[in-house]
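For the sequence shown, my numbering gives the first residue as 451, with consecutive numbering after it.
Mixed in with the good hints there might be a few duds.
Computed cross-link-like contacts, DSSO-like style, restricted to lysine-lysine with a CA-CA straight-line distance of at most 30 Å [as the list claims (entries may be wrong)]:
{"no.": "1", "residue 1": "580", "residue 2": "477"}
{"no.": "2", "residue 1": "467", "residue 2": "533"}
{"no.": "3", "residue 1": "553", "residue 2": "582"}
{"no.": "4", "residue 1": "533", "residue 2": "553"}
{"no.": "5", "residue 1": "477", "residue 2": "533"}
{"no.": "6", "residue 1": "553", "residue 2": "465"}
{"no.": "7", "residue 1": "553", "residue 2": "477"}
{"no.": "8", "residue 1": "465", "residue 2": "533"}
{"no.": "9", "residue 1": "477", "residue 2": "467"}
{"no.": "10", "residue 1": "467", "residue 2": "582"}
{"no.": "11", "residue 1": "580", "residue 2": "553"}
{"no.": "12", "residue 1": "533", "residue 2": "582"}
{"no.": "13", "residue 1": "477", "residue 2": "465"}
Computed beta-carbon distance windows for the label pairs [claimed, not checked]:
{"no.": "14", "residue 1": "498", "residue 2": "581", "range": "13 to 23 Å"}
{"no.": "15", "residue 1": "527", "residue 2": "495", "range": "14 to 24 Å"}
{"no.": "16", "residue 1": "469", "residue 2": "508", "range": "17 to 27 Å"}
{"no.": "17", "residue 1": "469", "residue 2": "533", "range": "36 to 46 Å"}
No lab work stands behind these hints: they were computed from the structure.
Think of the CB as a built atom: it goes at the ideal place given N, C-alpha and C, for glycine as much as any other residue.
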Amino acid sequence: MIRIINGPNLNLLGKRKPELYGYTSLKDLESELQNYAEVECFQTNHEGEIIDLIQNTTSPIVLNPGAYGHYSYAIRDAIEAIKFPVIEVHITDVNAREEFRSKLVLSDVCSRTIIGHGIRGYFEAIDILKEKL
């Protein structure tokens, strides 16, 4: 089992800036991921809930932290404290966007960071984690 955690505003996939994030809704993405592998999906706009999900995991994690990836040292500390691998995913190429988005504070405690591959990045992360299981 792999835990998929989506952070703030990802509930708006398919609606918010589809030219950047694509036209697939979060519900459709979760359905595709569940058909692809044994995953459990979560989405929250609240930092503390993400921390709780990380701290209470019993499996590897694919994490799209949204904007928290740029400044949440609390999420960074939670990732660093667990024994399971975490792969960070960003749908867009954060390095090609606003300057503040190019700083990722979680990457150095994650097993890998996948940026700019659209929703395909989730499937790539799952494949990487399946190799480790």
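Results of checking the hints against the structure:
1. 580 - 477: Distance ~23 Å between residue 580 and residue 477 Cα, so the pair holds.
2. 467 - 533: Outside the cut-off at roughly 35 Å; violated.
3. 553 - 582: holds (27 Å)
4. 533 - 553: holds (25 Å)
5. 477 - 533: holds (29 Å)
6. 553 - 465: holds (25 Å)
7. 553 - 477: holds (29 Å)
8. 465 - 533: violated (35 Å)
9. 477 - 467: holds (17 Å)
10. 467 - 582: Measuring from Cα to Cα gives roughly 34 Å; hence the hint is violated.
11. 580 - 553: holds (28 Å)
12. 533 - 582: holds (13 Å)
13. 477 - 465: Holds: residue 477 and residue 465 sit about 12 Å apart, inside 30 Å.
14. 498 - 581: 13 to 23 Å: At roughly 32 Å between Cβ atoms, residue 581 and residue 498 fall outside 13 to 23 Å, so the hint is violated.
15. 527 - 495: 14 to 24 Å: Because 20 Å falls inside the window, the suggested range holds.
16. 469 - 508: 17 to 27 Å: violated (38 Å)
17. 469 - 533: 36 to 46 Å: holds (39 Å)
Comparing the model with each earlier hint shows violations of hints 2, 8, 10, 14, 16; every other hint is respected.
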